[in-house]
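Chemist: The primary structure of each chain is shown beneath.
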Amino acid sequence: MAASLCHFPPAVSSSSSLFVGSKSRSLLLAVSPFKHFPSKSSISASLPWTRSYAVSNDAAAFSVASPSDLRESPSLGEITRPDFPILRQVVNGFNLVYFDNAATSQKPSSVIKALSEYYELYNSNVHRGVHYLSAKATDAYEEARNKVANFVNAADRREIIFTRNATEAINLVAYSWGALNLRPGDEIVLTIAEHHSSIVPWQIVAKKTGAVLKYVELTKEVPDLDQFKGLLSKNTKLVVAHHVSNVLGSVLPIDEIVDWSHKVGAKVLVDACQSVPHMVVDVQKLNVDFLVASSHKMCGPTGAGFLYGKINLLSSMPPFLGGGEMITDVFQDYSTYAEPPSRFEAGTPAIAEAIGLGAAIDYLSSIGMEKIHNYEKKLSEYLYYQLSSVPNIHIYGPAPSDTVHRAALCAFNVDNIHPTDIATFLDEQHGVAVRSGHHCAQPLHRALGVNASARASLYFYNTKEEVDTFIQALKDTIEFFTTAA
Amino acid sequence: MASSSISSFALRRVASPKLLPNSSSSFPSNASSFLCLSRSLLFSSPISFQSLPRSSLIPLRAQQQQQQQQQRQHDQDLESVDASLLPPKLRDIIALFQSVPEPKAKYQQLLHYGARLPPLDPAFKTDAHRVRGCVSQVWVRAFADPDDPTAVRFEADSDSALTKGLAALLVFGLSGSPATVIARVPPDFVQLLGLRQSLTPSRNNGFLNMLKLMQQKAVQLYIESAETGESKPVESKTASTTSKEEKNSILGGEAEEVPGESASRVNGNSNLADKDETSERDDIGGRKKRIVERLQQGLSPSELEVEDVSYLHAGHAGVRGSTDGETHFNVRVITKEFEGKSLVKRHRLIYDLLQEELQSGLHALSIDAKTPSEAHSG
Chain A
1 MAASLCHFPP AVSSSSSLFV GSKSRSLLLA VSPFKHFPSK SSISASLPWT
51 RSYAVSNDAA AFSVASPSDL RESPSLGEIT RPDFPILRQV VNGFNLVYFD
101 NAATSQKPSS VIKALSEYYE LYNSNVHRGV HYLSAKATDA YEEARNKVAN
151 FVNAADRREI IFTRNATEAI NLVAYSWGAL NLRPGDEIVL TIAEHHSSIV
201 PWQIVAKKTG AVLKYVELTK EVPDLDQFKG LLSKNTKLVV AHHVSNVLGS
251 VLPIDEIVDW SHKVGAKVLV DACQSVPHMV VDVQKLNVDF LVASSHKMCG
301 PTGAGFLYGK INLLSSMPPF LGGGEMITDV FQDYSTYAEP PSRFEAGTPA
351 IAEAIGLGAA IDYLSSIGME KIHNYEKKLS EYLYYQLSSV PNIHIYGPAP
401 SDTVHRAALC AFNVDNIHPT DIATFLDEQH GVAVRSGHHC AQPLHRALGV
451 NASARASLYF YNTKEEVDTF IQALKDTIEF FTTAA
Chain B
486 MASSSISSFA LRRVASPKLL PNSSSSFPSN ASSFLCLSRS LLFSSPISFQ
536 SLPRSSLIPL RAQQQQQQQQ QRQHDQDLES VDASLLPPKL RDIIALFQSV
586 PEPKAKYQQL LHYGARLPPL DPAFKTDAHR VRGCVSQVWV RAFADPDDPT
636 AVRFEADSDS ALTKGLAALL VFGLSGSPAT VIARVPPDFV QLLGLRQSLT
686 PSRNNGFLNM LKLMQQKAVQ LYIESAETGE SKPVESKTAS TTSKEEKNSI
736 LGGEAEEVPG ESASRVNGNS NLADKDETSE RDDIGGRKKR IVERLQQGLS
786 PSELEVEDVS YLHAGHAGVR GSTDGETHFN VRVITKEFEG KSLVKRHRLI
836 YDLLQEELQS GLHALSIDAK TPSEAHSG
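Those protein sequences? They're chains A and B, same order as listed.
Under this note's numbering, the very last position in the first sequence is 485; numbers go up by exactly one each time.
Under this note's numbering, the very last position in the second sequence is 863; numbers go up by exactly one each time.
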């Protein structure tokens, strides 16, 4: 991989003016040597950017740390970009700026390769056969399970259940654990900022069981933890909370939430879809009862996700889907069920996808989640403060600071311009991909008092230069709509 | 609003952002200017892809072929749009857009159209007028032209400027035409505008759904004026079963125009189609009449509007099985009885009065409950 770095040109030029004129030319400078990168002062070091962010559009004016700190090395974004073939494309005449990572992430070549290798070399049904191919497939599949378990530091590999995605994982808990354990009058506490996948399954199960949903409201655009503590009671059986909000960018103190919840005898399910891909998540340290995440948000293929559950909990839960694989013996009028994780993996699983997820975890681990987290922290601050400089903008969620961590995403609205208009124009006229809508969080948007918002969400392969391009594009978009109106 | 299709790589547009959907010659010339140095350098450079075996990448030639094919298909699609099916005003609008080659200018044109759209009376910003599948809010209203009863006029609004532009386009292009012409307008005309609007029927395709809803409302008006035998400027109302089938045949049997709607309804109700039209309407109008009667008796309203919007909900599970529609109604009540009562209490009053209906198949009500003072100040 290092060899290719020496030759690959920057996918995005450093300053906007250069960018617009010579998109084609920059890609053709295939032989710009590694050591030329640092001569452009705008290329960020992977070291601290100071807080005195220059508001000007010219990226070169951005002030960097003192010379002694400034090592002339490329950022994590620049280093990893070559691994993602899809980012090297031109959309509507502009280099693609992909800022929709909260919806789904891109996949590195190694993951794509793992998928095709599976099908080319050893595709076979798992757990069933004795022949060479099936043994190899089974090993790879179970090895992927080990990788996931290690990635989140589960105590036991059996605590990882592969599902189709995080939504299915939550439904699994709802229909299996929920249907068994919830009684009329039992309370489920959720935050108003939960993703629909964390709300709707509980609405369905609450209706069936007579349980009641209670919501934690917002204070200053983050979930109100004091109110949360007040909502906990002996009736609370389950707390459902996001780790990182896909709209607000805020991070909840899961370890504390688990503490408070366990004290009243409630279990905790954490939606870690926006955290597992971006930071170290240690399920034992957090002591959660259930945790869900999806593969496609962490450089893995779509069609895979996982549920982590404490083994004693899983062992006590009835099956979710019935069929092959999850049984021990099948008779005509009854069957006996397998132990977890098999109990919850009915039918032929998404084998290639699980292996792909394993490959994604390998890739992420080779970079190091701490490194990714630190890089994104800086990117997040840069994005937030650059966006704040746009007039008439409102960014939802907390401002990042030394004590307040904010994910590298910003959902925002600009006065008098519909977010869909912004997203459409950004795409059509600038090749910038953001999302507009309610981001599967309608109750949250209602609480914020808006119908929809635009959202830019970053990942470790995005760069500061792309943020500059985005800001420039956004300003252009706003100008278009304010003058044309 | 639905995002435009990004399936076509913009290889042909790299040299300049100009959009040339009508010219098939643009592709090769732009491509060659872009790939001025060497084709191999761009996509299959050994430098960039050292870590991967060549075979795992789509070779450049194949990609180019793909794009050429897409371009050819696109041009074919354009040719297949039958201009004779488009009302003259719409043709004028299309011609205007085609005379503006630059995409940014096209968008400006779209915004100008939107700005010219007269505001829609808030009374019509209801679910019955709402276009499904838009991320923004879009409302559409159809009514017969008071001067020319065979002509349909539209009004629309949206909180998104671009969507409002598209709505305006449709309003200006289709207003004044008879329902039969409107119903036959093919959605792919929008490709002629060069806005790269996606035509994939899906939950999220606002433009497609907007057009379909307008067509549907036009047809409803047509049916109603045909049934009553006189031309009065009526608000678009409920479709009865036969009109549903007629509507489907006029629209060319495209049963999926409003998501999840027509197919199950028509299938479930085919046995009713043979009955006499008037008696059918009595049966079907029965619940609506009863609702009106009960609410009048119970609340003595100064204003009362009851609208059957069951067709909007025909797809979902709660309705399947109750075959005569009449499951969802919009109710607008203005009465002094509501003074001093909270919204919940007002709704409770209405629900109490309609208990029997609720137990005999009425599924849900969308209620607008106001006092006379609220109605006139709001």
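No wet-lab data here; the hints were simulated from the structure.
For every residue, glycine included, the Cβ atom is placed at its ideal position computed from N, Cα and C.
Hints are supplied without guarantee of correctness; some may be wrong.
[Said to hold, decoys possible] Okay, derived cross-link-like pairs now, DSBU-like style, lysine-lysine, Cα gap no bigger than 30 Å in a straight line: (1) K207(A) / K830(B); (2) K220(A) / K147(A); (3) K208(A) / K830(B); (4) K214(A) / K589(B); (5) K830(B) / K475(A); (6) K214(A) / K826(B).
[Said to hold, decoys possible] The following label-pair restraints were derived from C-beta to C-beta distances: (7) A711(B) / G324(A): 54 to 60 Å; (8) G323(A) / Q844(B): 55 to 61 Å; (9) H597(B) / V200(A): 40 to 46 Å; (10) Q844(B) / T348(A): 31 to 37 Å; (11) P586(B) / E479(A): 18 to 24 Å; (12) P586(B) / E142(A): 54 to 60 Å; (13) G185(A) / G771(B): 39 to 45 Å.
Chemist: Does each hint hold? Answer for all of them.
Modeler: Right, here's what the structure says about each hint:
The hinted pair formed by K207(A) and K830(B) meets the criterion: a straight-line CA distance of about 24 Å does not exceed 30 Å. The straight-line distance between the Cα atoms of K220(A) and K147(A) is roughly 39 Å, outside the 30 Å bound, and the hint therefore fails. Annotation: proposed proximity of K208(A) to K830(B) holds, straight-line Cα distance about 27 Å (limit 30 Å). A distance of roughly 48 Å separates the Cα atoms of K214(A) and K589(B); the hinted pair therefore is violated under the 30 Å criterion.
Between K830(B) and K475(A) the CA atoms are separated by roughly 48 Å; this puts the pair beyond 30 Å, and the hint is violated. Simply put, K214(A) and K826(B) have alpha-carbon atoms about 26 Å apart, close enough for the 30 Å limit, and the pair holds. Distance hint for A711(B) and G324(A): a CB-CB separation of about 58 Å, consistent with the stated range 54 to 60 Å. In this structure, G323(A) and Q844(B) break the distance hint of 55 to 61 Å, their C-beta atoms being roughly 39 Å apart.
Separated by about 41 Å at the C-beta atoms, H597(B) and V200(A) satisfy the suggested range of 40 to 46 Å. A hinted range of 31 to 37 Å is violated for the C-beta pair Q844(B) and T348(A), which are about 46 Å apart. Taken as a hint, the range 18 to 24 Å holds for the pair P586(B) and E479(A), whose Cβ atoms sit roughly 21 Å apart. The given range of 54 to 60 Å is respected by P586(B) and E142(A), whose C-beta atoms sit roughly 58 Å from each other.
Checking the proposed 39 to 45 Å range against G185(A) and G771(B) shows it holds: the Cβ atoms sit about 41 Å from each other.
Hints 2, 4, 5, 8, 10, counting from the list given before, are not met by this structure.
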